[in-house]
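Protein chains in written order, with this note's numbering: chain A, 984 to 1282; chain B, 62 to 620; chain C, 6 to 133.
Possibly wrong hints are sitting among the right ones.
Said to hold, decoys possible - Computed Cβ-Cβ distance ranges for the label pairs, DEER-style:
{"no.": "1", "chain 1": "B", "residue 1": "K490", "chain 2": "A", "residue 2": "V1231", "range": "37 to 47 Å"}
{"no.": "2", "chain 1": "B", "residue 1": "T126", "chain 2": "A", "residue 2": "V1231", "range": "44 to 54 Å"}
{"no.": "3", "chain 1": "C", "residue 1": "K131", "chain 2": "B", "residue 2": "Y218", "range": "19 to 29 Å"}
{"no.": "4", "chain 1": "B", "residue 1": "V360", "chain 2": "C", "residue 2": "L114", "range": "33 to 43 Å"}
{"no.": "5", "chain 1": "A", "residue 1": "K1100", "chain 2": "C", "residue 2": "L38", "range": "13 to 23 Å"}
{"no.": "6", "chain 1": "B", "residue 1": "I194", "chain 2": "A", "residue 2": "W1239", "range": "46 to 56 Å"}
{"no.": "7", "chain 1": "B", "residue 1": "F439", "chain 2": "C", "residue 2": "T96", "range": "36 to 46 Å"}
{"no.": "8", "chain 1": "C", "residue 1": "A45", "chain 2": "B", "residue 2": "S444", "range": "52 to 62 Å"}
Treat the hints as calculated values from the structure; they're not laboratory data.
Predicted model, so just to flag it, every value in this text is computed and none were measured.
Even glycine gets a Cβ: it sits at the ideal position worked out from N, Cα and C.
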Amino acid sequence: MAQSTAEQLPHHAPDGDGHAHDAAHAEHPFLAHHFDTPKHQFESGKLGIWLFLVTEVLFFGGLFCAYAIYRSLHPEIFVYAHYYLDTFWGAVNTGVLIVSSLTAAWAVRNAQLGEQKKLITNIIVTIALACCFLCVKYVEYSHKFHEHILPGRHFNPTHEAWELESYKKTHGEHAGAHGEEATAHDAAGDTHAAPAEAAPAAPGAPDAQGATAEAKKPPPGALARPRHVSVFFSIYFFMTGLHGVHVVAGIITWLWILRRAVRGEFGPQYFGAVDYAALYWHLVDLIWIYLFPLLYLIH
Amino acid sequence: MTSPSATADVLATPSEKSGENYLVHEKGILSWLLTLDHKRIGVMYLMCVLGAFLLGGVFALLVRTELFTPGRTIVDHDTYNQLFTLHGAVMVFLVIIPGIPAALGNFVLPLQLGAKDVAFPRLNLASWYLWVIGALFMVVSLITNAADTGWTFYTPYSTVTTTSVIPALFGAFILGFSSIFTGMNFITTMHKLRPPGMTWFRMPLFLWALYSTAVIQVLATPVLAITLLMLIVERVVGIGIFDPALGGDPVLFQHFFWFYSHPAVYIMIVPAFGVVSEIFPTFSRKRIFGYKFIALSSVAIAILGFLVWGHHMFTSGQSVVAATIFSAITFLIAIPTAIKVFNWIATMYKGRIHLDTPMLYALFFLWVFTIGGLTGVFLGVMSVDIHLHDTYFVVAHFHYVMMGGSITAFLAGVHYWWPKMTGRMYDEKLGRIACAILFVGLNLTFFPQFILGTRGMPRRYYNYLEEFQGLHQLSTIGAFTMGVAFALTAVYLLRSLKKGRVAPANPWGANTLEWRTPSPPAYYNFHNPPEVTGGPYEYADWVYNARVGGYERKTSDGH
Amino acid sequence: MADHENSHATPQSGPELSASHHDEIAHVTPVRLLLGVWGALMVLTVITVAVTTIDFGPRVNLVIAMAIATIKAGLVVTYFMHLRWDRPFNTLVFLGSLLFVSLFISMTLFDKSEYEPDIDEMYLLKGQ
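Please build the complete structure, drawing on both the sequences and the hints.
Next comes the structure, spelled out in C-alpha cells:
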C-alpha cells in the first residue's frame, strides 16, 4: 500500500521530542503529518486560500482594467448600452449573492461549533441561492440572445436603445413614436442625417454607425447609437460570463463540502475546508458587488 | 574533494540500507504518480522539464539549421514561423518558468527550511499534473498545424491566423496555474513551516529567491491567464477587445501580455540568483558577502519587475511619457542586480576556491549573465531601442540571460544537488569538460547575434541578406556545439545513476540543512525539526573526511 | 497547544461562543454580527439602486456608486471574510493585490488616453 498517499505518514519516534507531536497526530486524524497542531494547519490553509484569492483578484483585475479603459474613453457607449440591461434582475442577483454570503459565513460558524444540522442546512441554502443566481443570469442571457444583443462582431440588436422600455421610462413616451420609420441602409446617408439630429446626451460620438449593423434612424431628441456599442456587450458578457463560471465552480466546491459535512468530517478542531470554501464564495460575491453598479447602474 | 577510494559497501548510507530513502520507500508507478512527497514530485518535475528542454532544443537546432543559409535551407517560411514559435513557447512555459522552482525548489525547499514537506502537498502534486496537461496541449498544437504567431501571440495576427493557436494558448493558460500553485505553496511553507530558530534572516538565500519568485508567480500569472483567455474568446467569439474594427485595441493586448511577461523573466532569473548564492560561498569556503543585501535585493527585483513592462513596447505606439517612466525604472532595476554580482565576487575574494563542476557553472553564469544583463540596459535606452527593437540584438540579449543565466544556473543546481537527490556522484572530469564545451558553444551561438542585431538583421526572419550569412553560420555551429555539451551531460548524469560513486551526506561541505540529511534523504526528511542556531554559510565546523569523500561536522552526531 | 482537546465538542446553541476559550482554533463570529452585517449590505444595495434616480453628473455618479460598493466590499472582507480577527498578514496580502491591480489599471489607462485622440480624429475625418 502506498503509505505516503494517505493523510498522514507513519511516524518513527525513537526519541522523546517527537512524542507530543505524535500524540497530537494520533488524536486528530485530519492533522497532516507536516503540521504540529490543528491551529497550525488551519492558519497555514488560511494563508494559502488568501494567496489564491489574490490570484483571482488579479485575474478579474485585467477585465476591470479593460472596462476602465473603454468607459473612460467612450462613456457614450456605456450610457447607450446600459438601457439594454435590466436593473431589477441585477439587483435581485445582488441580493441573492449577499444572502448566500450570509449563509456561507454562518456555515463556517456552525462548523466551528460542531452544529452539524445547521451546517448542512446553511450549505444547502448557499447552493440553492447560487443556483438562483444562475437562473436569473440564464433569463437575462436568453433574452439578450433572442434580441441579438451579442458580443463583438455578432452584435446586431433587434431594437435600438430608444425603442426599449427602460429608455421610455426615463425619457418619456415620444421617443418610441417614430420607431417604425424605415431603416436607413445607406451608411453615408445616416452619417449626414445623424449629427444634426443626434441627442446632445451623446457627446464625442460624431456619427451613428454601429459596428456591424446599420442603426435605425433615431427620432428627434432620442439617443443615437454611438460607434462600437458592441464593446460594451463584449465586456458585459465576458465579465458576467467569467463570473458565472466562478459561480459554477463555487457550486461544485460547496457540493463537495456538503458531502464531507454529511459524513461528519467537520468539527471545532477541523473546519478549514468550510472556511476556505466560504472565503472563495465571499470573493465571488465581492466581484459581483462591483460588477453590479459598473454594468447595471450607469446613468 | 574528489576522493577516489571508497567502495559502495563502505559508503552505503544508512538510509539506503534501511529502505527509508525516499526513492525506494515505496515501489511501483502509482506510488510515484500519487505521491505527496515533495522530493518525488521534484524528481518528476526534473524529468519532465529536461524532456521539454530536449524538445525545445530540437526546435532550436531546426531553426538554426534553417538559418545556416539565406532562403530555404530545410523548411519553408511558414514552417519556420511555427518552429520558432514552438521553440519559444516550450522553452518559456515548459522549461524555464517551472525549471528551478519546480524541479529543484520542490526538492530542496522543505529540506533547506527544516520542514517535513511543503504546506500543501496535494496542491504540489496538482501543479505537476497541470504541467503535464499544459504540455499535452502544447503537443496538440504542435501536431495540428502548430501556432506560428511567435511565443508572444501578438494581435492582430494571433486573432486571424488559421494555425492551431487555441491549444497553445490553453496550454499556456494551464501552465500558468501550475506556476501559481507552486507559488502559493512556497509562500505559505516559508511563512508557516519554519522550525524553531530558523528566522527569516537565517534562511538560505535560495529560499529568499524562491520566496520572491513565488510572490511574482502569484501576482503576475493571473494577468497572463486573463490575457490568454481574452485571446481565446476573441478567436472563438469575436468579442473585439483587440480588434480596432470593433472598437478594440491591439496594443491593449501588449499591455496585458507584458504586465505578466516582464515579471515572468524575473521568475526565470531570480531563482537562478538563488542557486548561485548557495554555490559561491560553499565553494569558496567563506560566508557570503552581504547576505541581507542579496536577500532584500531579490525582493526589490520582484517588486520593481512589475513596473517596467512598457520597455517591450517602445516602438508600439506607447506615449512618450509612459515610455520614459518605463525606461527610467528599467535602469533602476540594474542596481539590485549589480549588488548581487558584486557580492558574489566579494564572497570569492580571499576564499579557498574549489573549482568543482557546480562552481564552474556558477562562474560561467556570472560571466554570461553580466553580459546579458548589461545588454538589457542598452535596450532600456529608448533612443537605442528604436534601432535595436526586433533585431537579433534582442535575441542575443535574452538568450544570454535565459540560456546563460537561468539554464546555466539550473545546471549548476542540478550538479550541486545531484548527490543529494540521487545518492550518487557523477564523473567530475566529464562534468568539467561538458561545462567548458557549453561555455564555448553558448558564446559562439549568441555573441555573433549581438553583431547581427546592430548591423540590422531582424529577428524572426526566415530569409536574410548575404552579408549576414557568416555570422549566422557561426551561430549555428555554436548551437550544435551546445547540443554536444548537453548530450555529454545527459550521458554522464544518467550513467552516474548506476555506476556513480555512492554519495556521502555532504560532499561539498555546505552548511545548509539539506546536507544534514543522508544522500538520498529519508522520506520523512527529519525525525525532529532541526536545531538552527546560526546562519547558513558557516563552514568552520565542517571537516573533510577522505574516507567518505565528503565533509562531516567536527562535533558530529551523524545527522 | 490543543493536545487534549476533544475532536468533536458538544454542540453549543448559544449565539455567542466565549471569545476567551483558549482551545479554539479561531474566532467564531457571533450570529448578531452576521445578521447585522447582512442587514447593512442589503440596505446599502437598496441605497445604491435608489441613488441612481438622482443625477449628480456622470463623474460623481460613478464615484458614489463605487464608494457604496467599496463600503459593502469592506464589510464583506472585514466581517464575513474574518479579516477583523485574523492575522494582519492576511490583510496585507489582500490589500497588496488591490495595490497591484490599481497599478496595472492606472498605468495602462494613463497610456491609452495619450493616443486615443488620434483615433477619434481619424473617425471624424472619415465621417466627413
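These are the hints, each one checked on the structure:
| no. | hint | in the structure |
| --- | --- | --- |
| 1 | K490(B) <-> V1231(A): 37 to 47 Å | 59 Å, violated |
| 2 | T126(B) <-> V1231(A): 44 to 54 Å | 48 Å, holds |
| 3 | K131(C) <-> Y218(B): 19 to 29 Å | 25 Å, holds |
| 4 | V360(B) <-> L114(C): 33 to 43 Å | 27 Å, violated |
| 5 | K1100(A) <-> L38(C): 13 to 23 Å | 22 Å, holds |
| 6 | I194(B) <-> W1239(A): 46 to 56 Å | 21 Å, violated |
| 7 | F439(B) <-> T96(C): 36 to 46 Å | 42 Å, holds |
| 8 | A45(C) <-> S444(B): 52 to 62 Å | 56 Å, holds |
Hint check: violations occur at hints 1, 4, 6; the rest are consistent with the structure.
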